[in-house]
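Here is what each chain is made of, one letter per residue.
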Amino acid sequence: MIIRDRPDTWQILTAVRGSVLPQVTPSILIFTLIACSVVALDRLTPLVPHLNSGAYTVFGIGLSLFLGFRNNAAYDRWWEARKNWGGLLADLRSFAREVEVFVDDEARRREMLSLSLDFLHAHRMALRRLPFPDTGYGAAFGSSAAPACAALNAVSDALGRARHEASVDGFGAMRLAERLASMNLHQANCERIANSPLPFVYSLLVYRTSWLYCLLLPLALVQDTGWLTPIFSAVVAYMFLGLAEVTEELSHPFGRSKNALPLDSICRAAEISLAPHMNIPAPEPLAPKGHYLS
Amino acid sequence: MIIRDRPDTWQILTAVRGSVLPQVTPSILIFTLIACSVVALDRLTPLVPHLNSGAYTVFGIGLSLFLGFRNNAAYDRWWEARKNWGGLLADLRSFAREVEVFVDDEARRREMLSLSLDFLHAHRMALRRLPFPDTGYGAAFGSSAAPACAALNAVSDALGRARHEASVDGFGAMRLAERLASMNLHQANCERIANSPLPFVYSLLVYRTSWLYCLLLPLALVQDTGWLTPIFSAVVAYMFLGLAEVTEELSHPFGRSKNALPLDSICRAAEISLAPHMNIPAPEPLAPKGHYLS
Amino acid sequence: MIIRDRPDTWQILTAVRGSVLPQVTPSILIFTLIACSVVALDRLTPLVPHLNSGAYTVFGIGLSLFLGFRNNAAYDRWWEARKNWGGLLADLRSFAREVEVFVDDEARRREMLSLSLDFLHAHRMALRRLPFPDTGYGAAFGSSAAPACAALNAVSDALGRARHEASVDGFGAMRLAERLASMNLHQANCERIANSPLPFVYSLLVYRTSWLYCLLLPLALVQDTGWLTPIFSAVVAYMFLGLAEVTEELSHPFGRSKNALPLDSICRAAEISLAPHMNIPAPEPLAPKGHYLS
Amino acid sequence: MIIRDRPDTWQILTAVRGSVLPQVTPSILIFTLIACSVVALDRLTPLVPHLNSGAYTVFGIGLSLFLGFRNNAAYDRWWEARKNWGGLLADLRSFAREVEVFVDDEARRREMLSLSLDFLHAHRMALRRLPFPDTGYGAAFGSSAAPACAALNAVSDALGRARHEASVDGFGAMRLAERLASMNLHQANCERIANSPLPFVYSLLVYRTSWLYCLLLPLALVQDTGWLTPIFSAVVAYMFLGLAEVTEELSHPFGRSKNALPLDSICRAAEISLAPHMNIPAPEPLAPKGHYLS
Amino acid sequence: MIIRDRPDTWQILTAVRGSVLPQVTPSILIFTLIACSVVALDRLTPLVPHLNSGAYTVFGIGLSLFLGFRNNAAYDRWWEARKNWGGLLADLRSFAREVEVFVDDEARRREMLSLSLDFLHAHRMALRRLPFPDTGYGAAFGSSAAPACAALNAVSDALGRARHEASVDGFGAMRLAERLASMNLHQANCERIANSPLPFVYSLLVYRTSWLYCLLLPLALVQDTGWLTPIFSAVVAYMFLGLAEVTEELSHPFGRSKNALPLDSICRAAEISLAPHMNIPAPEPLAPKGHYLS
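Chains as they are written, first to last, in my numbering: chain A, 330 to 623; chain B, 330 to 623; chain C, 330 to 623; chain D, 330 to 623; chain E, 330 to 623.
One or more of the hints may lead you astray.
With a straight-line cut-off of 30 Å between C-alpha atoms, the simulated DSBU-like cross-links for lysine-lysine are [unchecked claim]:
1) Lys587(E) - Lys412(A)
2) Lys412(B) - Lys618(B)
3) Lys618(B) - Lys587(B)
4) Lys587(A) - Lys412(A)
5) Lys618(C) - Lys412(C)
6) Lys412(E) - Lys618(E)
7) Lys412(C) - Lys587(C)
8) Lys412(C) - Lys412(E)
9) Lys412(C) - Lys412(B)
10) Lys412(B) - Lys587(A)
11) Lys587(D) - Lys412(D)
12) Lys587(B) - Lys412(C)
13) Lys618(C) - Lys587(C)
14) Lys412(B) - Lys412(A)
15) Lys412(A) - Lys412(C)
16) Lys412(B) - Lys412(E)
17) Lys412(D) - Lys412(C)
18) Lys412(B) - Lys587(B)
19) Lys412(E) - Lys587(E)
20) Lys412(A) - Lys412(E)
21) Lys412(B) - Lys412(D)
22) Lys618(E) - Lys587(E)
23) Lys618(A) - Lys412(A)
24) Lys587(D) - Lys412(E)
25) Lys618(D) - Lys412(D)
26) Lys412(D) - Lys412(A)
27) Lys412(D) - Lys587(C)
28) Lys587(A) - Lys618(A)
29) Lys587(D) - Lys618(D)
30) Lys412(D) - Lys412(E)
Quick partial rundown of chain C residues pointing at chain B, CB under 8 Å, derived from the structure [as the list claims (entries may be wrong)]:
31) Arg333
32) Asn400
33) Arg411
34) Arg422
35) Ser423
36) Asp498
37) Phe500
38) Met568
39) Gly571
40) Ser602
These aren't lab readings, by the way, just hints derived from the structure by calculation. Glycine included, C-beta positions come from ideal geometry on N, C-alpha and C.
For reference, chain A alone in the conformation it holds in the complex (with noise of 0.2 Å):
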């Protein structure tokens, strides 16, 4: 995730750091060329049609519907993981602060802790589809065929011999269960989003239909604007095309774009909030590297 803050008036201008404008230059690139040459062809031959703005509107309906839908629907899922993690920080220091109200042994307590940490680095690995470590948090159960799943197996059977040895009641039970269902929650919800995107179909219809936008622009200007057209064209396709380009990052919040959500972090967040339960010495938080969060 990129960390700025607001842009003041030189950056409006000028940055390209959060910007997508990296990503886009070579389509802004071609259609800008594409519009020269319209404008070179309509001033040296008859050969160019020309599109009244009627015409042109139609596409504008076509492009608003879909453009609008899918930055909605891929904001949406990227607050929805938001959500889902932050849900899942809130889950571990209450755990947190659960087992010791109602886990008598220590030993016990500190096992379930690490292993809740060992779930949601395995979790934050399988979404991302990282190689797990050899060491470190989540490292036990990189060998499992679910590895997130088999982290939380783990807490919860460490829950179920407490109960057995009873170092934990009825009550601390059941509450400790639910906790350990909503973590389970939120990571299947996290599941849902990575595995199930936006219909495909959609990406299709905003590409084509930003295209041709942007390609059927010149014949639209080219009669009024002359050899403003090229400049519009540039204009226009940034627009558009970086929109485009946006919502298909934010879709995908667990990858590793530049907009995609910064869950090292937040795993660290979690050890810092889980270490003084522990007794260990915090770690320090991670900070973001040129803006960049990770």
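Given chain A's structure and the hints, the job is docking chains B, C, D and E onto it.
Same frame as chain A, but now just chains B, C, D and E:
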């Protein structure tokens, strides 16, 4: 569901799989032919009335209202259906952990987990109106009038027996009964979506307005656009009829269209998740065939 | 509710059942006649003022704001009502399972289930302002001022008696009381929707703007469109008055219009679901009559 | 709240009660006069600038953004407020049933129910900033700084005493404490809506843009529309100023405007629902006076 | 937060306090000057290109997509933040009542309530990045790396001690642990909003498009509107830059801008609510200063 990566330039131009092109090609051809006839007639006779853009915009307002609303409503149905199946998967995983924490008798535990998989498959087959197989999960309940309800009744009966045998205490009975109620709610939500289609009158309004819009387009364009009119008509028909088609598919998320939900794959994921709790080997996850996940 | 498959080409042209055509035909005819008069007057006299499209667009903005908002709000009411009835069905199924797990006395169980069906039918009849029958579910509570509340009170009384007889323990009493509270909440939600219509002022604004829009249309079209104007007026009146009519019906989801919810059918589904728990034969599900499900 | 059936043709033309016409008539008259002056000036002098529709559309975009947003936000506040009062009604009904199931002492039960009605009335009067009466529900708490909180504290105290007297066990105490927390949450939600108005800056933007739009309309119309301009201006001012007025009323759902919520009627409904549990005769429901329900 | 009544006619014309005018005045002046130069240049030379409205509408589509989306997203953040603080206030009130019902030891009760106020203030100061004071609520936790978490840990520790001293039973421990988890969730939600700004790329797109729109406006207007062009440009710049500014402020609801949430006032409301439970006199509620509530 179609599983494809984001389209590159070549796919934007050519992708058919995952597109709605096949379904709407006949209509597009008809509208193109009509546009050709209108242009020809306009060149040869003075009979063709010309629509000014103001008159035509009137339909644009109606069309964007109807298509925009229906698209949002259809996508919400699809996504709500997906959420409920994601919730069912989460419930089954939590159920498996909670029976381990709260139920002492292992045979009873395996019976309950196996019955819950019966429930999931029966629910899937009932939603898709599939014939029940003779063996496999869900088969035992195929003869019931309401197979999914019958299977969930069986899980609940097993819980009741466990309670009378005292292999589960009051806390466990309460926690597990709440878990079953959650599954039951997700099931009822899916049935609601399946049994309450979008009001039929919207389908009529959307299709009638889209058709009218495409039908009148040549009259609005012919004067200025000439022989480009049929190409325009084809592109516009693709955009709007395509969107109407997509929303039709998405609004029936449990069907077997290309955009329907991958229920087989989710059921398999549940089997994989429950396998370690039942001490049986986990099956392989389902893989998409030709980008299609059933 | 109208239950029809997706319309094919022929139905798009001709479907009347499930359409709003019958309700809006008189208004359409009036606007067509007005349009004819305007064209005739315009041909014979120079008295008819011509509206340019800029002036006319002003009404388009208002109309799309009002219709778009009202359509969303009405559909949300309809869908929220449907969700609450789906929730009631789920609650009754869970209630039936939970009394089996937690209540030992079978006579008490059957009494509670039978009373819960009384509640559902009383709630349905109260929402639809139907007279109560002399026999059948709900009949016993027809003389009460608030039949649905009285029936739910009776279920709660049965639970209280079961608790004092010790045929249900504390866990069961808590679980079942929560279930009754959930039914009670769904009931209150339905009453809220029934008793709080959309603010009347929106109806006025929508109908007044739609009428004005259709009334002024001939003045905007007559100059360019000539004798096609009445046809246009008819189509546009169908679109906008039709949508206004649909939103009126959907915003009263418990009425008896074609787009109202199929409460009879949902009550029957509840009877079918509870039959095995009451050891009585299940009735047949309701089937749509002429595409209409009551 | 205005309770009227759907408007028929005659009412569409004439309804004033439930309309916003009275509030906006002065502004409409002003804009009509301005439009008359502009037309007269345009006929007599060449001084009046003419706006082309492109320039005017710029304001249309702004206006539809501001009005559309504010309308949705205001309606959401109104509907959320209604949901919370519906939730309070449901909570009081469930509370009455649950005290019967869980509290053994009848005097204690009646005390708790009576105090809960005190709470509801105190909450209503605090929200509407009404003076507290000397007798009747809520009167005992009128001298408190936060009457609704004080009344709910009293219910909670009664529960605490019941617990120490052992007339309610742990299960009952937990269930009833959750019920009180639910009432408390609905109360806090209503206070949030009452104390956090829509950001003032939106009111400024909406009113300023609406005024500007109506003010400039004659300049955009005068050239083509001539003496119809004042009529147009009046109709457009009615549409947009009327909507701005409606959203102002809806965004203050606890006020005493025509579109405010019928809190008196809901409090009365709660009294009716609790009467059988308190063994007192139920009062009559409130009826609308002149279509207005207070 | 600005607390003002609805603006009357005079305020609509003149209100500055609560308006965004001060922030956007420099930009408005720049665009007005540019517009003056364009008109002058157009009168003196033939060099100024004229944009037709079709070309200009292209930017209108982009602008309304970006501004509309960002406005909704920013308001949703603001309102969600407000809901969470409303939820915290409700939680503290319920917490105070529940400790009275479930905790027998009065000293323990007062300790828990006092610590919960520490938590609320620490949470407020952490969100606003304020320095911690030396005395008063929250001061004791100022040296912690995560003060709000530390304070909530302290409440939880007190609950744990009460449980080991048997001054709270299993039911009470469960109920109070759930209450603390609810506070913890609201805290995590606020931190999520504070730490996950709207994607930076939207800010760039909105500001760049708004600037471009205002910059090109004179070219679209100059031909028809002449010397009214600078006035138009100023008004349009006020509308769109003002909205961009408002959404920037609303999207940071915990800042100290005029539209930020009144956290001081909510904390004070919590102190007032808890005072009777702690047997201390209640402080005065905060009053707005110059329409501003901190």
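Hints, one by one, checked against the model:
1. Between the alpha carbons of Lys587(E) and Lys412(A) the distance comes to roughly 27 Å, so the proposed pair stays at or under 30 Å and holds.
2. Between the alpha carbons of Lys412(B) and Lys618(B) the distance comes to roughly 24 Å, so the proposed pair stays at or under 30 Å and holds.
3. Among the hinted pairs, Lys618(B) with Lys587(B) is consistent with the structure: their alpha-carbon atoms are about 12 Å apart, no more than 30 Å.
4. The straight-line distance between the Cα atoms of Lys587(A) and Lys412(A) is roughly 19 Å, inside the 30 Å bound, and the hint therefore holds.
5. The suggested pairing of Lys618(C) with Lys412(C) holds, with an alpha-carbon distance near 24 Å, which does not exceed 30 Å.
6. A threshold of 30 Å between alpha carbons decides the hint, and for Lys412(E) with Lys618(E) the separation of about 24 Å falls inside it, so the pair holds.
7. A hinted pair counts as satisfied when its Cα atoms are at most 30 Å apart, and Lys412(C) with Lys587(C) qualifies at roughly 19 Å.
8. For the hint linking Lys412(C) to Lys412(E), the alpha-carbon distance of about 24 Å falls within 30 Å, and the restraint holds.
9. Restraint check: the Cα-Cα separation between Lys412(C) and Lys412(B) comes to about 15 Å, which is no more than 30 Å; the hinted pair holds.
10. For the given pair, Lys412(B) sits about 27 Å from Lys587(A) by alpha-carbon distance, which is consistent with the 30 Å threshold.
11. Proposed proximity of Lys587(D) and Lys412(D) is supported: the alpha carbons are some 19 Å apart, at most 30 Å.
12. Our distance criterion of 30 Å between C-alpha atoms is met by Lys587(B) and Lys412(C), whose separation comes to about 27 Å.
13. At most 30 Å may separate the alpha-carbon atoms for a hinted pair to count; Lys618(C) and Lys587(C) meet this at roughly 12 Å.
14. Straight-line distance between C-alpha atoms of Lys412(B) and Lys412(A) comes to about 15 Å, which keeps the hinted pair within the 30 Å bound.
15. Only pairs whose Cα atoms come within 30 Å are accepted, and Lys412(A) paired with Lys412(C) is accepted, the gap being roughly 24 Å.
16. A C-alpha spacing of about 24 Å is found between Lys412(B) and Lys412(E), which places the hinted pair at or below 30 Å, so the restraint holds.
17. For the given pair, Lys412(D) sits about 15 Å from Lys412(C) by alpha-carbon distance, which is consistent with the 30 Å threshold.
18. Using a Cα cut-off of 30 Å, the hinted pair Lys412(B) and Lys587(B) holds, with the two alpha carbons roughly 19 Å apart.
19. For the hint pairing Lys412(E) with Lys587(E), the CA-to-CA distance comes to about 19 Å; that is within 30 Å, so the pair holds.
20. Restraint check for Lys412(A) and Lys412(E): the C-alpha separation of about 15 Å stays at or below 30 Å, so the hint holds.
21. Taking the CA atoms of Lys412(B) and Lys412(D), the gap is near 24 Å; set against the 30 Å cutoff, the hint holds.
22. Proposed proximity of Lys618(E) and Lys587(E) is supported: the alpha carbons are some 12 Å apart, at most 30 Å.
23. Note on Lys618(A) and Lys412(A): the hinted pairing holds, with a Cα-Cα distance of about 24 Å set against a maximum of 30 Å.
24. Restraint check: the Cα-Cα separation between Lys587(D) and Lys412(E) comes to about 27 Å, which is no more than 30 Å; the hinted pair holds.
25. Pair hint Lys618(D) plus Lys412(D) holds up; C-alpha atoms about 24 Å apart against a cutoff of 30 Å.
26. Proposed proximity of Lys412(D) and Lys412(A) is supported: the alpha carbons are some 24 Å apart, at most 30 Å.
27. For the suggested pair Lys412(D) and Lys587(C), the alpha carbons sit about 27 Å apart, so the restraint of at most 30 Å is met.
28. Distance hint between Lys587(A) and Lys618(A) is fulfilled; the C-alpha atoms sit about 12 Å from each other, no more than 30 Å.
29. Taken as a hint, the Lys587(D) and Lys618(D) pair is honoured in the structure, with Cα atoms around 12 Å apart against an allowance of 30 Å.
30. As the CA atoms of Lys412(D) and Lys412(E) are separated by approximately 15 Å, the hinted pair is consistent with the 30 Å bound.
31. For Arg333(C), the interface hint holds, since its Cβ comes within 8 Å of a Cβ in chain B; the closest pair sits about 5 Å apart.
32. Against a cut-off of 8 Å between C-beta atoms, the interface hint on Asn400(C) holds, since the closest Cβ of chain B lies about 6 Å away.
33. Annotation: interface hint on Arg411(C) holds; nearest CB of chain B at approximately 5 Å, less than 8 Å.
34. Below 8 Å, beta-carbon pairs count as interface contacts, and Arg422(C) has one with chain B at about 6 Å; its hint therefore holds.
35. Checking Ser423(C) against chain B: minimum C-beta separation of about 4 Å stays under 8 Å; hint holds.
36. For Asp498(C), the suggested interface contact is upheld, since its CB lies about 6 Å from the closest CB of chain B, less than 8 Å.
37. Interface hint at Phe500(C): satisfied, since its Cβ lies 4 Å from the closest Cβ of chain B, which is below the 8 Å cut-off.
38. With 8 Å as the threshold, the beta carbon of Met568(C) comes within range of chain B, its nearest partner Cβ sitting at about 4 Å, so the hint holds.
39. Against a cut-off of 8 Å between C-beta atoms, the interface hint on Gly571(C) holds, since the closest Cβ of chain B lies about 7 Å away.
40. For Ser602(C), the suggested interface contact is upheld, since its CB lies about 6 Å from the closest CB of chain B, less than 8 Å.
Comparing the model with each numbered hint stated earlier shows that all of them hold.
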